[in-house]
Structure formats: C-alpha cells, structure tokens
Amino acid sequence: MFEMALSALEIVFDPSRLIFVALGVVIGLALGVIPGLSGIVGLSLLLPFTFDMDPFTALAFLVGLQAVVATSDTIPAVLFGVPGTVGSASTILDGHPMAKKGQAARAFGAAFSASVLGGLFGAVFLALCIPILRPFILSFGSPELLAFCIFGLSLIGVLSGGNPLKGLAAAAIGLIIATVGEEPNTAIERWTFGSLYLLEGIPLVPLALGLFAIPEIAEMAIAGRTVKKNHGVATAWDQLTGVKDTLSNLSLVLRGSGIGSVLGAVPGIGAPVIPWIAYGHAMRAEKGAAETFGKGDVRGVIASESSNNAKEGGALVSTIAFGVPATAAMALLLGAFLIHGLSPGPDMLTTRLDVTYTLVWTVALANILGCGICFIFARQLASIAQIRVGVLAPVVLSITFIGAFQATRQWGDIVALLCFGLLGWAMKRVNWPRPPLLLGLVLGGLLERYMFISFQRYGADWLSRPIVIGVLLITAYSILKPFISDLLKHRQKKSSQLILAFKPHSIDSGFWFNLIVITFFVITIAGSWQWDFGARLVPQVVGSLGLFLASWQLTATLFINEPRQSSDIDKIGTNNADTPSGLNNLPKNKIGYLTIRYFSWCFFNLAAALVIGLLPAILIFLAGYLRIEAKENWKTTLTVSLGAWSISYMLFHQLLRVPWPASFIGDFFPGLRASGLTNFF
Amino acid sequence: MYYLLLMTVLLMSSTTTAQTAKEFYAGRTITILVGSGAGGTTDISGRIIAQHLQGHIPGNPSIIVQNLPGGGSVTMTNYIYRSAPRDGSILGYSLPGIITAQMMEPRRAKFDGQNINWIGSALKYTGIVSVMSSSPATTLEEAKQRELFIGTTGRGSPAHQFPAMAQALLNLKFNIVAGYESSNDVVFAMERGEVHGQSSSLQAWAITRPEWLTDGRISHLLYMGPPDPLAKPGVPYLQSLMTNDRDRALVDFIEIGSHMGWPLFAPPEVPLDRIRALRDAFKTMMNDPEFIQAFKISVRSELQPTIGDELSFFVEQALETPESIVSEAKTILGLNNR
Chain A
0 MFEMALSALE IVFDPSRLIF VALGVVIGLA LGVIPGLSGI VGLSLLLPFT
50 FDMDPFTALA FLVGLQAVVA TSDTIPAVLF GVPGTVGSAS TILDGHPMAK
100 KGQAARAFGA AFSASVLGGL FGAVFLALCI PILRPFILSF GSPELLAFCI
150 FGLSLIGVLS GGNPLKGLAA AAIGLIIATV GEEPNTAIER WTFGSLYLLE
200 GIPLVPLALG LFAIPEIAEM AIAGRTVKKN HGVATAWDQL TGVKDTLSNL
250 SLVLRGSGIG SVLGAVPGIG APVIPWIAYG HAMRAEKGAA ETFGKGDVRG
300 VIASESSNNA KEGGALVSTI AFGVPATAAM ALLLGAFLIH GLSPGPDMLT
350 TRLDVTYTLV WTVALANILG CGICFIFARQ LASIAQIRVG VLAPVVLSIT
400 FIGAFQATRQ WGDIVALLCF GLLGWAMKRV NWPRPPLLLG LVLGGLLERY
450 MFISFQRYGA DWLSRPIVIG VLLITAYSIL KPFISDLLKH RQKKSSQLIL
500 AFKPHSIDSG FWFNLIVITF FVITIAGSWQ WDFGARLVPQ VVGSLGLFLA
550 SWQLTATLFI NEPRQSSDID KIGTNNADTP SGLNNLPKNK IGYLTIRYFS
600 WCFFNLAAAL VIGLLPAILI FLAGYLRIEA KENWKTTLTV SLGAWSISYM
650 LFHQLLRVPW PASFIGDFFP GLRASGLTNF F
Chain B
0 MYYLLLMTVL LMSSTTTAQT AKEFYAGRTI TILVGSGAGG TTDISGRIIA
50 QHLQGHIPGN PSIIVQNLPG GGSVTMTNYI YRSAPRDGSI LGYSLPGIIT
100 AQMMEPRRAK FDGQNINWIG SALKYTGIVS VMSSSPATTL EEAKQRELFI
150 GTTGRGSPAH QFPAMAQALL NLKFNIVAGY ESSNDVVFAM ERGEVHGQSS
200 SLQAWAITRP EWLTDGRISH LLYMGPPDPL AKPGVPYLQS LMTNDRDRAL
250 VDFIEIGSHM GWPLFAPPEV PLDRIRALRD AFKTMMNDPE FIQAFKISVR
300 SELQPTIGDE LSFFVEQALE TPESIVSEAK TILGLNNR
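Order-wise, the sequence lines are chains A and B. Counted the way numbering that gives the first Met the number 0 counts, the first sequence spans residues 0 to 680. Counted the way numbering that gives the first Met the number 0 counts, the second sequence spans residues 0 to 337.
If you are wondering where the hints come from, they were derived from the structure by calculation, not from laboratory data.
Computed footprint of chain B on chain A; a stretch qualifies when at least three of its residues, placed anywhere within it, have a C-beta under 8 Å from a C-beta of chain B: (1) 42-54; (2) 405-414; (3) 449-456; (4) 655-662.
Glycine residues also receive a C-beta, built at the ideal position from the N, C-alpha and C atoms.
One chain only, chain B, in its complex shape (with noise of 0.2 Å):
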C-alpha cells in the first residue's frame, strides 16, 4: 500500500514538466560513474572534473563520484545505457575504448554510442611505447631486428592493442607478456628487467617516473593517436609510417578511442536543455584557470578539450568503419574469441 501510494505520488510529480535546468539541478546530486577502479588515470581525472563541472552547472548541484569497473568501462556504458535515469542526474566517465568496443564486441556492449549524449572529454590519449634505453632494441629499425619484451595488462586494454597492431603492420620483433595487474605493475616489471618496454602515455610517465622522461631511461619507439603536447620531436608516427589504404584504415580504427580520450556522457533521451547546461558547464570549465591548474597538478598533463556535438560527430564518422576492417583489426588483435 505504502509502495502504492509512493508511486502514484513520484510518478506525478515526475510528469510535471516545463521544468528548466537550472530549477531541475538547483539542490540536486549529480553521481558520475566512473567506469574504472580506484586510483588511476581515469579515477583521478574524473573525480577532478566532478570537484569543478558541480560550480558550472546552474542551479550548482553537487557531484559525487561512485566507481563502476569492469569490461574497460563497457560495464558502466551499459548500466548507463540501459539502467540510469535518463533525467541528467547520473552521467558516464568511461576509458578510451568504449566506441571500439561497441564495433568490435556488439555481443557485450549493449550500447549504441549515437544515442549516447555526449558531454565532453578534457584530455585524448596519446599512445607512445617506450622501452628501458638498456634493451637490446631501442628504435623502430632496431625492433624489427631484435625481440623485445612488451608488458600488458590484456589483449583488451589499448596498451595491448597498440603495440599488437604496430607489430602485425611493420613487423617488429615485439614478445607481448600479457597478465600483469596493471599498468604500475609493468613499469615495475621494466624497472627490474623483467620486460623491456610497454605502451603507456606521456602523461602516465609523468605521473609514474617522470625522472623517467628527462634522465634518459627510457627510449620512444614510437607513437599512435592525435599528437600529444608533450612529445618530444623525432618519435615515429604510426599514421605516417603507413603505406596503403588499408593499412591507414586499420591505424584509423584502432585510434578512434585516443582521439575521443576520456568521455563525460549522459543517457539518451536526457532533456535536451539540460544537455546543452551540461556541454556549457564543461565547455566554461575547460577555460577555469582553476581547473586547469588542478587538472594539471593531478593528472600531469595539459588539457585537450572536445565539447559534446564534435564527439557526437566523430563517433557518428567512426560508427561508419566498414565492417572488413573491423573484422581484420580483431583478428589482427587477437580478439576472434571475444
């Protein structure tokens, strides 16, 4: 009975509409599901857009962060997709990946990325592989000669797919070992010489070992993905090294998710006006001197800002991969068994 009455009480005043963003945040919690574990590039990033996006929305509601891990984010995706209120109140931070997997796992991913509503990312992913400057190989021409040990965590994560594609499309000696906990734990495995190198971020490296960086440890193979500000002149460009077209399609494809990088989002069918409050308090905290100092200290890298209606057209423009190349890419990776 109680139930009863509880219900027909919410449904009416859930059907009172004309509502603006501002009444309808005003006083509200906003939950982001973050859809990683704990610590972590996307933890970190995401509980600091959370800590600043809550002073840009009207009505100043409060954020807070739940993690939601699993899947590289296509369980969050999917609970978003499929299970959150779809009134703006409960919005996705997923990891690079989410929009491949979609092409690549349709049978996992129960989600359509041209529905989703994006809101924005603040930083795309720059996938550089490095190895310890003592490795028997440390440039492209000497990775072709010469095995190197490349640590990962598993064929699903991009750290595993970079160096897998770039393998198979110019014939390096590269022995992937796949299995480690987590990216941390391969910079441990190359500080003790159990592998030589891994594919990881500039960014990453300068929140791990950014001595690293500067003292000359490590060398840069080479890289993938949109360019990155921090790069240093001189690394090879996948993109670049690659001679036909499909070849160049297949380097398109597994690159969708660096350039989206890490994407803020809300289920479909949100009110419209409430999206468009949403990209404008992402759009206005992408220029917060506040922010972007915060970020910077946190997340050590500068900002690369894509606003809602530019990702909806690059996942519209990527959704059109033609299904070959999808197809050679997940056997390329060794995915046939997902």
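One chain only, chain A, in its complex shape (with noise of 0.2 Å):
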C-alpha cells in the first residue's frame, strides 16, 4: 500500500500532469469567486477536453480543479456576503462582518489557511481510510440519514440566535419551500401552479443568492458607501494575523476537517449541510462563541472552511468507493472515470490503488497550490471592498443575476432570485434570522425522504438502530443542555413575574411581517388539506408548527414585557447569527425610499430580460445604474459597464456556451438567434 502511494505521487509530480493540475487549480479558484458558478460547471465544460488525456492527467485536472472551488468561495462571501458557491454561505455569517471592520485580509489569511488545512485533512481522512471505507459507509441506512437531518435540524435553535421562535418559524418556511415539486410517492405536484420548473423543486443556488447577496448589496447600495469604510490598506500584517487565528484554533480546524470530511463521505448527506453542522460546532462549543459568532468571530470562519475544503476529499472517498456520488460534483467525476474507462468500486482499493492515490495527492497538491495563490492575491482582492459602490453595487448584481440564472437556466431562476432577494431583504430589516431557513430548505427535501422510506421499509423498527439512538441522544442533550442549566439557574433566583400589557408601539414592520409569516403557514396548511397522506404529512404538520410559533411570536412582542435577565438562552438571545442590519443611521422613510428604488432596478433588470434577453439586459441594467443612479460620469458609466458586459459575454457565452432563455424579441425576430455571436437574445 505504502508502494502504491509512493508511486502514485510520483505520478502526480510528473511535470506533465503536473501543469494541468495546476491549470485546473486556476481554473477551479476562477469558478469558485463567481457566485452561481461551481465545480460542476467547470467539470462539465472540461471534460470534453480529458478526452485525449491519460486517464491519470485526466483526473488530477479535473480533481485539482473540483478542489479548490470551496477555497475561492470565500472571497465574495467575505467581500460581499455574496456566496461564491452554496458551499459558503455559512461563511458569511462572520467573514462579512470582519470585512465590515476592515478585517476583510485577516478573514482571507484565516479563511484560506483553514482550507488548506482543512483540505489536507480530507486527504489524510481519504488515504487512511480506504481500508475500513467500505463498512464506515454501509452503516448508514436512510433510518441513520434520518436522524443526522433530525441532528442537523436542531442546529436551527444556535443558528437563529436572537429569537428561536422566529429561527425556527424561518426554518419551518424553509422546510416548507423545500416540499414544493413532486411528491415521488404520490406524484402529487406540490406548489407548483403548473410550472415545469417548480416541478424540481426550488433549486438552491437562486434561493441562496436570493437570500445573502441582495440584502448585502441593497444595504451596500442603500447604505451608499463600501463594504469597509475609513480603514488604510490592507498589509500583509492583517494576513499573518489571520494565519495566526487558524493556528491557535488548531484544535477547531481538526473538529472542523473532522466533520467535514467524516459527512462529506456519507453519500446522502448533501454537501450544503456540512459546513452549518461545522459552524453550529463551533457555536456551541466554542468558549464565548454564543456572544460574538455573526458578529465577525474569526473561529466562525474557520469552522466553516475547514469543512468545506475536508469535504471534498470525503466525497471523493464514496465515489470511489462504491460508484455513489455523495455530492453533484461527483457525479461528473463518476462520468469522467466511466470514460476514460475506470469503474468505481472495490477495484479502486486493491487492483487500482494506484488511481486512488494519486487522487489522494492531488487534492493535497490543489489546496497547497490554491491556498498559495489566494494568499498572494489576497490582499488585493481585499482592496477590491474599497471600490465605490456606486461602481460595485451594480457589477456585483450583474454577476448574481447571470450566477443565479446557472442553476437550471430557465427564467424560473431569476424571479426566484428575485422573490428571496425581497424575502432576505425584509428578514434583514426586521431582525428575522435568515441561515436557519437556508438550511430548513437544505434538510428539509432530504428530511422527508428518508423519513418515508425509513418507515415504509421498517416502520417503527428503524428507531431501534443503534446508529440512530446514538445521534438522536446527542441531539436531545445539546436541545435540552442550555434549557436544563437556565432552569437550575432560575431556581436560585427568584422566579421574575412576566407583565402582560398591549404595546401599541410594536405595530411596526416587524409586526406586519410576523403577520405575512403567519398568513404563509395558514395559507399552506389550507392548501395541502386536499392532498393525499404522503404529500400532505409534512406540509401540515410543518405549517401548524410554524404557524404556533408564529403566532407566539406576534403575541409576545404585542403583549409581554419581559424583564430583561442573564440567563443562558439570553445569551444567545444578545445577538443573532446573521449580520446585523448597518443602517441604523438613516431615516425610515428614506431607507424605504432607497430600497424601492433598488428593487426597482432588480425588477427592471428581469423586465428588460424578457423582452430583450438576459444577457443584453444586463447591459442596458449597468450603463443605467452607473448613470442614473449612482450618477457616474459617461466615461466611468461606458467603461465600467462595457467593461464587466465584455467580461461576461465572453465567460458565458463564448465560453460556457450557456443556453439563454428565449426573449420576447428573440421569438419575434428569429433572425437574431442565427449567428453563434449573438444568439442570446
């Protein structure tokens, strides 16, 4: 074994294959900074071009680039609160902040040490387990899934920190949004008034963008200056000071490697997951994590990317292993060996340990060359969060417009951009948690499957495993710790008397959106009843629980005054693990004012679209910001916007040949669509 290793790194640092990892590391960094863009594209378009490639090179490309994606991912998560792929978002949480204090190099310094670290840990993880692979995976059942959704469910009660009745309300709307398509038991089409792309489900890069990147900028744009303000230029010093925080957190890197390389080999678990049970983590584990995390603790970083980069050597294991992608990425990777004629499977550990390994060595090898690279830009892409925002604020909407159009290239991608762009942006302002319905919507479609499943196959019986006692256990004590030790506090104190009044003045935003959310939960509770019992189940009960705690939620801020108390679940109540709303400052009405307007060019944007296709929209949208609304003169207005349209024309549609959805004008004039320059109308 120790032979087979050895050989294959020499296969791997053959100069030959040695440059097309290299190129699939620039590649996979490029992929990775722009949202909506992932590993997958990058995968798809390349693999064309392995064809002719040994299968070796072949693969250490297509590895190398795959790998590092999660490593880039954080740079417009930090800059922007933008996720560069589904992958960070819990990154934002605390990266974005840091930027906001001018922290932004010493979040990239930690953010990228901890990939690479994380990283390497994946391919430790990946060698050292090849021998006992095979019975690690096979003891997860969809009973054993079942209880890790249930386990990741009740991160939902650290996540939503400020308020667990509007953390766990959000995450029943996630949960629900999650159960829109087609029911696979009972073919029942679920929310989906007769639309083709609500029949799959509501994909999540839309949702994700939707629900970080158009608050973020709308606050940036509303807010009308940059992500950092009045801070010198990043040294390298603020770099180090990040490498420094990953090594004194050395131990926080390992748990978060741990986690994620451990699930991300369990196909089924779903790669979004990972890094919000690595921050969850983190948050309850961590000392003093309760006060500071969503308020740019660097731990929270680093737990986050740690995993993210572990996963990937995980999932390469299953792969592998037994020819199950864990994660979609994978699956093109699986497709890639079945061409160049390999089969995944128990071969990969005995006759061919030589492919597996040199697998191994890539994806160290891709996270030592793409933390590298980040690390000697950093510091410049850290300047980029100084650009005025009259400049940013419309590029970055662009490319989220194009990003979030990736996931299924249909119109249904930007009009639910545009839907969680307003849901984010009114949960932002009124202090309701967001990640928590992120990752309802994550479990929530894995959730039920493996429930059905789990008691069609063994009724009861599937509670009885010992996988599944062990991880509901754990989920019961860190429920029910921070309950049992407020309670033993309380009973020394004296018990503090609630005062029930009617408080008029907390008719406000937040009042009217506490009522859209409960009318939501009516609404889907009414419209499920007609359902048979499989697609009806989880909508109703979902609905009625939102629905309670919904409703609890209104009549606590009508009507009880609580005194205020140090407690533990008061701790956590302090602060909220999503990124405070920075625009306390200005007026209300004005605030409302701006945001019309901001929303106004989103909606225009998509208008536009329609009419005359996306891609010359996009055009139309940033010569109209610059000009009109962050008033720049034509010079900065043409240049910035011929610019960035150029950049896009040819990454979309020169190189990713992206089908453009049909265009009003389009349809009218066929004649447009004729020529491969400008078939994107």
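Could you fit the two chains together into a complex? Lean on the hints.
Put into structure tokens, the structure is as follows:
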C-alpha cells in the first residue's frame, strides 16, 4: 500500500501532469469566485478536453479543479456577503462582518489557511480510510441519515440566536419551501402552479443568492458606502494575523475538517449542509462563541472553511469506493471515470490503488496550490472592498443575476432570485435570522425522503438501530442542555414576573412581517388539505408548528414585557447569527424610498431580460444604474458597463456557451439567434 | 439604435438562402442539450456521441454538450421544441420516456413527437428487475408469494413504471419504496439490505456493479423492452407472459421509451438537407470502430442503433395508442395526479 502511495506521488509530480493540476486549480479558483458557478460547471465544460488525456492526467486535472472551488468561494462571501458557492453561505455570517470592520485580509488569511489545512486533512482522511471504508459507509442507511437530518435541524436553535421563535419559524418556512415540487410517492405536484420550473423544486443557488446576496448588495447600495469604511489599506500583516488565528485554533480546524470529511464521505447528506454543521458545532463548543459568532468572530470563518474543503476528500471516497457520488460534482467526476474506462468500486481499493492514491495526492497538492494563489492575491482582493459603491453594486448585482441563472438556466431562476431577495431583505430589516431558513430548505428534502423510506421499510423499528439511537441522544442532549442549565439557575433566583400588557408601539414593520409569515403558514395548511396523506404529512405538520411559533412570536411582541435577565438562553438571545443591519443611522422613510429604487432596478433588469434577453439586459442595466442611480460620468459609466459586460459575454456566452432563455424579441425576430455570436436573445 | 442596426444586419444575413448543409456547419458550434443532470448514462452517452459526431457532419462543426435537466427530459424537450433556433445548431438528447410523457402528461409536455426531427438513437433500454440473491424471493413465482422491497426514485421514472406495471399485471408482491435520489443510491441501499432490488438495466449494472453480474449476487426476475445483447437466457420476458390483448397493449405502451432508447433530435422546421446531413452523420458514426470502442468503454454496452426515419415511423405508431390504454396505464402507475 505504501509503495502504491509513493508511486502515485511520482505520477502526480510528473511535470506534464503537474501543469494540468495547476491549470485545474486556476480554473477552479476562478469558478469559485463567481457566484453561481461551481465546480460542476467547470467539470462539465472541461470534461471533453480530457478525452484525449491519459486517465491519470485527466482525473488529476478535474479533481484539482474541484478541490479548490471551496477555497476561493470565500472571497465574495467575505467581501460582499455573496456566497461564491452554496458551500460558503455559512462563511458569510462572520466573514462579512469582519470585512465591514476592515478585517477582510485577516478573514482571508484565516479562511485560506483553514481551507488548506481542512483540504489536507480531507486528503489524509481519504488515504487512511481506504481499508475501513466499506463497512463504515454501509452502516449509514436511510434511518441513520434521517437521524442526521434531525440532528441538523437541532442546529436551528443555535443559528437563530436572537430569537429561537423567529429562528424556528424561519426554518419551518425553509422546510415548506423544500416541499415544492413533485412528491415522489404520490406524484402530487405541490405548489407548482402548473409550472415545469417548480416541478423539480426550488433550486438552492438562486435561493441562497437571493437570501444573502441581494440584501447585502441592497444594504451597500442604500447606505451608499463601500463594504469597508475608513480603514487603511490592508497589509500583509493582516493576513498573517488571520493565519495566526487559524493556528491558535488548530483543534477547531481539526474538528471542522473531521466533520467535513466524515460527513462528506456519507452519500446522501449533501454538501450544502456540512459547513452549517461545522459552524453550529463551533458555536456550541467554542468558548464565548454564543456572544461573538455572527458579529465577525474569526472562529466562525475557520469552522466553516475547514469543513468546506475537507468534504471534497470525503466525497471522493464514496465516489471511488461505491460509485455512489456524494455530491453533484462527484456525479460528474464519476462520469469522467467511466469515460476513461475506470470502474469505481472495490477494484479502486485493491488493484487500481494507484489511481486512488493519485487522487489523494492531487487533492493535497491542489489545496496547497490553491491556497498559495489566493494568499498572493488576498490583499488586492481585499482592496476591492474599497471600490466605490456606485460602481461595485451594479457589477456585483449583474454577476449575481447571471450566476443565479446558472442553476437551471430557466427564467424561474431569476424570478426565484428576486423573490427570495425580497424575502431576505425583509428578514434582514425586521431582524429575522436567515440561516435557519436556508438550513430548513437544505434539510427539508432530505428529511422527508429518509422519513418516508425509513417508515415504509422498517415501520417504527428504524428507531431501534444503534447509530440512530446514538445520534438522537446527542441531538436531545444538545437541545436540552441550555434549557436545563437555565432551569437550574432559575431555581436559585426568584422567578421573575412577566408583565402582560398591550404594547401599541410594537405595531411596526416587524409586526407586519410576522403577520405575513402567519398568513403563509395558514395558506400552507389550507392549501395542502386535499392532498394524499404522503404528500400532505410534512406540509401540515411543519405548517402547524410554524403557525404556532409565529403566532406565539406575534403575541410575545404585542403583549409581553419581559424584564431582562441573564441566562444562557438570553445570552444566545442577545445576538443573532446573521449580520445585523447597518442602516440604523438613516431615517426610515429614506430607507424605504431607496429600497424601492433598488428593487425597481432589480425588477427592471428582469423585465428588460424578458424582452431583449438576459445578456443584453445586463448591459442596459449596468449602464443605466451607473449613470442614473450612481450618477457616474459617461466615461466611467461606459468603461465599467462595457468592460463588465464584455467579460460576462466572453465567459458565459463564448466560453460556457450558456443556452440563454428565449426572450420576446428573439421569438419575434428569430434571425437574431441565427449567429453563434448573438444567439443570446 | 445599436440593436436595431444589429437586428437588421442579422435578419438580412439569415434570410440569404441557398446555403448547403456543409456551408452552414463549417466553422459552427452545435450545442447538444442533454436532458439530464451531469454524470449517469444519459449524460455520458450524450457526450460520447457529441465527441464523435462532429467529425462525421459535413463542414466539421464542433459540438458542445450542455445539461438541461428536469422532468425526465421534458423541460429540455419543451425548450428544443418551443424556443431553440430552428436551424440545426441546437439538438436535444433525451431520456427514453418523452413520447410516453407526451401522451400521459400533455399538460407538461408541450411538444408533439410527430413534428420533431429525429436524428437517431444509439442504445435501447431493456428494463430488468433484479434482486439480491439473498432476498426472500428470487424468482417470479416466489415474488407472487413473498413480499419484496423494490427501490426507485419516483413514479415518473421507468425504474418505477416497469415494476409497477409488472406488479399489476402479474399480481406480484412488490412493495415499491420511492424517493431515492438516484438509481446509484438504490444499488447502495440494496448493498446494505435496505431494499431487495430495483428495476434497472444490464448495461447500468455493468457500470455500477459489474462483479454482481457474474458472481451470482443478484438474480433477475424478469425483463421488458427490446431484447438485450447482454441478456442471459432463462429470464422471463414480460410481454410473453401476457394472456390478453389489453395486457399486451399496456406492455406495448410502457415499452415505447425502451424501444426508442436515448434519442438525438432537432427542433421542427430545420431545413431538410441539414436533417439529412445529421442523420447520415449519425448513421456513419454507428459504423465507426473508434466510436463503437469509445461507447463500449464508457457506456459498457454494444450499440443498438436506430436511425432517424425509423424513429419517426416508430413515434407515429406509438402516438396512435388508444386513449383508453393510456388512461388505464396512468391509473396503474399512479400518475392520475399529474
């Protein structure tokens, strides 16, 4: 085995292959930076170019690419609060506040070093696990996965910080959104309104970008200032501080990457959940985390990033050993294996161990390279945050639009982006936590799937399996722990009196939002009433719970004056694992006016896209926003809009060959689509 | 202003006619939209076809592949039928079931197979229900006595429709567990004993667990669709077990997609000479040893080619299935909610 590992090392370090690993890394980094693009896009684009390579080179190239996407997706997450890929959504929670405090370079230093350590850990894990892999992975059946989903849901309590009621209600919204689409057991279409787009469910990318990117850019645009205010240029020292942060939290890095690689290896858990679990773990386990997480604590970044990179090694494991791809990108990689005549399966752990070890080394090497490159450019990247907002906002917004569209390449992606953008903005304004909603969506589909399979197959017996019992006990303990310690404290103190009185001043925007949420749950319950049992179960149960929680929340805001008290729950309660809104110094009506303007631009973009096509609309949007909204002079307007548009054109139209959705004008004048240069109408 | 100008120029350039297929395709990029996610038989076979077809089309265009998954290729086919340029620069490559979808789900499938320009298909789909040999029942007769858990993705997929139809027509004791993410996940569930078997194809088994085909780990209960070059004798054939016309018609209906396999097609109204050029290219490619080899390596199957005009003929016949059979099939498959 050791010899195999060594000879594989030779294979990877063969200069002709090394070049391709490096090329893969550069492309992977570029894809990670652009929101909406992920390794999947790169893999499917580059797969044809590997047909003529030898299998080692081809796989090294593709694995190198995939391994570093999770490194660079941090960059937009930290700078703009825009997740580069869905995997970096949890990095925003602390990374973006750090950037706002002028610590972008430090956040990068910490993120990149945590990424490389996580990636290396993932590679080591992959290498060490090979002998015990099969029994380990085979011990995870649907009941175990169900237990894991329940455990994941228990993190909502932690992530909703500010107000557990709001957090749980937000998660219920996420769970209900996850039920959109065709229910596999009954073939009932749930909330699809006859649209083919909704039939497949709401894709994650537009939802995550809508929930996080649109509101963050909105805040930037409305506040009229850049991400980072009044701080000097970042120095190399800032980055090193970040590295030092990582090194002094080495045990957190190890735990984060442990979570990443183990869960990454289990098919069926799904990549987007993993960083949240690591983040939730850190928030619970790290000292003082409950107070500082979500406000720019570097440990939040470290936990997310280490797990995010480590999962690639883990996911590769199950792809290789079982031919069961644990993530979507791995499904493509599996395709690459087959095209090159390799059969993932037991052979890969015995006779083709050379291939497996080549992959291990590639993951390690790619992580080091990727981190190195990011490191070199981190300072320049951090200074992007200083570009003035009038220029930055429309460019980032345009990229977000095109990025969201890559999810399924249908108009629905843009509509979903804007709808969830509005929702995200409303939640941000009235201080409802957004992470639980995303987590609810990510877990919702899995939860329902594994619940039905477990019950249909095992009845109530699924609860008697040892791993299930273990995971559920851990879940129960972690949910109950703060309540128990709270109770114990209360016993020593005098119990406090709740003052019940109507508070007229509490009828504000938060009240109205709360009312909308209640209506949403009522509609959910009413709308699913007629469905077959299988399709109805989850929406009814979750809807009722959500209704209860949201009503309780409304009652509490209206009637209860609770004297402040120090307790564990309150401590978590004083902050919110979500970036607090930074617009408090602006008058309310001004915010309202600017919000309407901002979203008008967003919807104008959609309307224009429907008429003249997405890509041409982006050009008009860029120029219009720069000139009218940001009042830039013509020179800047034209340079920036034409520059940004040309890059988008080259990247998305020429290089990625995106099949653009049909616009009105294109339907009317089919001749416009005749040429490959202009078939974007 | 810029757009007006551009439009005029383009409209003019597009109306200049009398261009040969070779002139049209020279230096052009053809896009093949694959109606499934990345990875998997559909995607891989589509990519292999794309890679080899380009050399056979006059003018040697380059071909790229894009994935447009959703609704069992219905989303992609809708796009090709309704929005794609009708010049032969965008082609579709779909899962086997789109014509059955047209008949069973007219609300979703907004296309008419009669107007689609079929180019050809390289592989047919023979469905085979296989169970672990350690299962309570390993033959069709035993499956009428003892319960078997059969894993599937969902009601829309052939992996669900085949066992569901067989169960209804043969009174089998299948307990069909739907909701798995992919057929690979069902294999994995079989491996850990969560379900006993699934409906798949021998070619898919040759990719996922080739050793199971030879070491006796799995037993095949029955197969349906066209005969499979990989098949072993002795496995019961669903159609031959039918005893009356209505049952035979139901099986015929469910097998439509199987016979078509994975078709490559162009939108309606594409100039006829380009369709001819594409069909010819497809036909020559089917005899190209390099392609046969590459296909065998990555798809793990021999070719079972059907060329465009045969496909058109087949689709025309299939679309004549009586309404009563279609609605009966929908009831059996539990698709009345659609």
